Amino acid sequence: MGTPAHASPRSASGVLRAHDAGLLVVRLGVGLIIAAHGAQHLFGWWGGPGISRTAVDFARLGYPAPRLMAVCAGLTETLGGLGLAVGLLTPLAGAAVAGTMANAVASAWKLGLLGGFEFPLLIGVCAAGLALSGSGRIAIDALIPGLRSQRIGYGVAALVLAAILATVTILLRS
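One rule links them: number in the numbering used here = place in the sequence shown (from 1) + 237.
Hints should not be assumed to be uniformly reliable.
Label pairs and their calculated CB-CB ranges [said to hold, decoys possible]:
1) D294 / G390: 35 to 41 Å
2) G383 / K347: 40 to 46 Å
3) I377 / A302: 29 to 35 Å
Hint data in this document are derived by calculation from the structure and do not stem from the laboratory. Nothing here was measured: the structure is a model prediction, and the numbers come from that model. Cβ atoms here follow ideal geometry from the backbone N, Cα and C, with glycine treated the same way.
With the hints as constraints, model all of the structure from the sequences given.
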């Protein structure tokens, strides 16, 4: 079920709940890693390719409008990752990251599980799990009425939308 609207990050005894702390750790790890990865694509930070080289990679992979696709992927990784990290619109952020990672898995599929797509697969699975579970009570979502209680329907709806968009994007590749 959901968290009551008046709930704080601490239980009635004043002790943090273990699963809220666990969700925070997973959100921070997955969110910050994928946000940094997106910043590499967009800005070339931390030795990343930047938008021009990322667009070349998208063209090589057969995506139409490769620069636009590179910008969309970089923004989705960066903003979705930051959303996961702080627990803001967690079902949507998780689904956005999962959808982007589905494209990355499809692009690296021929390299095999341990040859190229294990990283995006792991990030995508974790992001999908967070979309379904919600952020926990140590998150911005817990402070916003209407987002305080996670309903699995939010995550399912967001993941269905992400799956549709990812499938369309994959099918657009030549």
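Now the hints, each set against the structure:
Between D294 and G390 the beta carbon distance is about 36 Å. The supplied range of 35 to 41 Å therefore holds. G383 and K347 have their C-beta atoms about 43 Å apart, which keeps the hinted 40 to 46 Å range intact. One distance hint, 29 to 35 Å for the beta-carbon pair I377 and A302, holds here, with the actual separation near 33 Å.
Checked against the numbered hints above, the structure violates none of them.
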